[in-house]
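Engineer: Each chain, letter by letter, is given below.
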Amino acid sequence: MQPAPDPDLRTPDLYLVFEADTVSVRQSLRQMLALAPLAGLSVEDRGVAELVLAEVLNNVAEHAYSDGGGTVSVSLARDPAGIRCRVVDRGRAMPGERLPQGHLPGGPDTALEDLPEGGFGWHLIRSLCADLAYTRVDGQNRLGFLLPTNGQGPSDNGDRS
Amino acid sequence: MQLQTQTRPKVISVQVMEDRIDAATAIQFKEKMRDVTRDGPARVVLDLARVQFLDSSGLGAIVAVKKLLAPDRTLELACLTPTVEKVFRLTRMDGIFTIHSSLEVAVAHAASA
Chain A
1 MQPAPDPDLR TPDLYLVFEA DTVSVRQSLR QMLALAPLAG LSVEDRGVAE
51 LVLAEVLNNV AEHAYSDGGG TVSVSLARDP AGIRCRVVDR GRAMPGERLP
101 QGHLPGGPDT ALEDLPEGGF GWHLIRSLCA DLAYTRVDGQ NRLGFLLPTN
151 GQGPSDNGDR S
Chain B
1 MQLQTQTRPK VISVQVMEDR IDAATAIQFK EKMRDVTRDG PARVVLDLAR
51 VQFLDSSGLG AIVAVKKLLA PDRTLELACL TPTVEKVFRL TRMDGIFTIH
101 SSLEVAVAHA ASA
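So the sequence lines, in the order shown, correspond to chains A and B.
Residue numbers are given in this note's numbering: position 118 of the first sequence equals residue 118, and the series is strictly consecutive.
Residue numbers are given in this note's numbering: position 79 of the second sequence equals residue 79, and the series is strictly consecutive.
By construction, these hints were calculated from the structure, which means they are not laboratory data.
Any given hint could turn out to be false.
[Unchecked claim] From the structure, some residues in chain B lie toward chain A, with a derived Cβ separation under 10 Å: (1) Arg34; (2) Gly40; (3) Ser57; (4) Leu59; (5) Arg92.
Please read all numbers here as calculations on a predicted model, not as lab measurements.
Think of the CB as a built atom: it goes at the ideal place given N, C-alpha and C, for glycine as much as any other residue.
Let's have the full structure, built from the sequences with the hints guiding it.
Structural biologist: Have a look at this one:
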């Protein structure tokens, strides 16, 4: 059974369902970026959209469905503040049914051999999008977030050259 | 995952010929990097000019290569595109790597050291 379109986004500009594996995620990202509403964004905003969606979707592929495959749906809708996104899958729930904090692993004094090779994903997601909300309903993981447009990322203001 | 290497007296440069290093290719990238840098100069410069997209898996693979080369050899980076630069900055990995604006600068830096 495929995840149903999220009721909070009644009329998404784009709705896609695909297999949650890293190769399909890559192909679907290419498709999404070529279509409205992402195709109309600035190069910079498209880069951020691709990064956030890649992190979210690869988390579904590698964690929610780590015991076997499944489908994931993406709904995108224009909003005055940016692009509203919903990602729904039927995989395993987030640990404790809560979003990871996304603390940056390591630190400036970390020894080279102790540098983290993972754990950056949720930090990037939290740094680049707003209104992040997760619910576990009827065996579904539902993740909602806003991709701010016009370079107005929550932690990315004021330092562009 | 295609990599192109050029060996100079004190530095080997490796250009990534793909436009992305992502979750689908990160492991392959790491293995190919290990193969092409098996021998050669102590300084390795990774030229990312063609890479338009790097996700957390790709970043993790680059960090892994730096660790594989240590302690006798170093991994430096050159030519970060804007989205790639953003990933390094947001994860503060820009403070861990020496990052050069161009391959020429990187090679000159490596040769003079």
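Engineer: For every hint, state whether the structure bears it out.
Structural biologist: Hints and how they fare:
| no. | hint | verdict |
| --- | --- | --- |
| 1 | Arg34 | violated, 14 Å |
| 2 | Gly40 | violated, 20 Å |
| 3 | Ser57 | holds, 7 Å |
| 4 | Leu59 | holds, 6 Å |
| 5 | Arg92 | holds, 6 Å |
Checked against the numbered hints given earlier, the structure breaks hints 1, 2 and satisfies all the rest.
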